[in-house]
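FYI, this note's numbering numbers position 327 of the sequence shown as 327, with every residue one higher than the one before it.
Calculated from the structure, these hints are not laboratory results.
There's no promise every hint is true.
Here are the computed distance ranges between Cβ atoms for each label pair [stated by the list, open to error]: (1) Met245 - Ser215: 31 to 39 Å; (2) Gln288 - Ser224: 41 to 49 Å; (3) Gln207 - Lys398: 24 to 32 Å.
With a cut-off of at most 30 Å between alpha-carbon atoms, the simulated DSS-like pairs for lysine-lysine come out as follows [as the list claims (entries may be wrong)]: (4) Lys141 - Lys76; (5) Lys141 - Lys172; (6) Lys172 - Lys233.
Ideal Cβ placement from N, Cα and C applies to all residues, glycine included.
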Amino acid sequence: MRKLPVGIQDFESIRTENYVYVDKTAWVYKMVSEGKPYFLGRPRRFGKSLFLSTLKAYFEGKKELFGGLKIAELEKDWISYPVFHFDFNAERYDADISGLMSAMGSNLRPMENIWGKDAADDTPAARLKGLISRAYEKTGKKAVVLVDEYDKPLLETTDNESLQNEIRKILKSFYGVLKTADAMLRFVFLTGVTKFSKVSIFSDLNQLRDISMASAYAGVCGISAAELTGNFKPELEALARARGMSYEQALGEMQKRYNGYHFAKGPWSRDSEGMFNPFGVLNTLVNQDFAYYWFKTGTPTFLVTSLKRIDFDLCQLSEGITIPADSIDDYRAGGDNLTPLLYQSGYLTIKDYDPQLNEYTLAFPNEEVEYGFLNELLPLYAPQPPDEQGFFVSKFFKDLRDGDVDAFMNRLKAFIANIPYDLKYDAEKYYQNIFYLVFTLLGQFTQAELRSARGRADLAVTTKDTVYLFEFKLADRDSDDLVEAALKQIDEKGYLVPYTAGEKKPVKIGAVFNTLSRTLGKWRAARD
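With the hints as constraints, model all of the structure from the sequences given.
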């Protein structure tokens, strides 16, 4: 087994300790040749820190680390510059302002040990400005400033407006130095998950070139299909053997679970190459097992709770959300429009672009994100006993696999009964969201298609030998005639037609959800 850099974000360690490295150095050369101040937004665990570390090694002139890589063919000078590298990953920021001050201090002190510190520099901004000035005076070379996860203090305090305002003021002053000291700077690069639009930090730091959705930089982070097969073919072959698959099947499973991210803005977004999540890819190859690795590293709590707070229509997540192109990078902290943040955080990605309307359609990029995210949401909408968490959806599937429709429906009724009665939301939409979550999560075990167009039942679930077609009637009463109307609709609308050519037996289920009693009412299953 070759060494794969799972969780290793230091370029020098990867190169000197003989880890497999996906060569991204052509983008390093392109960036340093074309401009100076940049911002790159990508989801967490997507390779931002490693790319920033690669830039650090390049600007420190460590030519020996780049042998055999693309940049070795392009760069001739290999000049060493003063490099100031800030990493905001290590601290927690949600308690009080001390977390930010600690992070800034721990970043600044090692640099001040090298370049000195003026006693009058009593704020983080003054200390940074002093560092840049002294480095320029001592070396005659302009400095390089690299900031990793600039927005972590802001993301962690989204639900604490007063603390976030304090943090924003400090960061505004700190990053403002990068504009006033421009004449002494060779290169500036900030990374983060989101670009907090319409707030003071970026309105003042308006010289940054945002390459987050530039088609020329779509592949700067993540792993393309060509990079996956070109760099990891031995590991893919080993994965296939371990899972009892062909090479093509293993590659297809990787595609379903970890691919599908698009980072190009405008007409190119439809045709841009999908990128694999590198954290999921590397963990799968090392463990020789498919799992939701990226999602298990943590999802912002405020994001999932905010979706419930604003009564978000969850069905949009799979069907696709259409938004104006100008708003895709316009996340405003504290607002109710979470769609830009869902995209920037990696939970949604671009699926289509309409050039006439200048609109994007966003949806889940892959199965890992879809099932991981919905599993995270479900307990918020329908709290379950601790011993049921994470298992009850598989029990639903077992009922259908065993052909026991009544057990399935009774389990669904009991599940809904656990939902608090005193809802502050639109009750009908709330229960539609519950149905959406349960039935979509069934797709982990079987093919489950929710209604997305005229001519399809509310739900079709395919098991080994049976196709179950569900049609639900939402009404303020419970009666046999509504059940029969649901079954009749399946026949009259031809919902069974797509399934008649196969050998699977179709089973129709008509059911009533009573919006007054907020419970699943009568149902009946019928076989053709």
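Results for each hint:
1. Met245 - Ser215: 31 to 39 Å: holds, 34 Å
2. Gln288 - Ser224: 41 to 49 Å: violated, 22 Å
3. Gln207 - Lys398: 24 to 32 Å: violated, 59 Å
4. Lys141 - Lys76: Roughly 18 Å separates the two Cα atoms, so the pair holds.
5. Lys141 - Lys172: Holds, at about 26 Å.
6. Lys172 - Lys233: Roughly 46 Å between the alpha carbons, so the hint for lysine 172 and lysine 233 is violated.
Against the hints set out earlier in the document, violations occur for numbers 2, 3 and 6.
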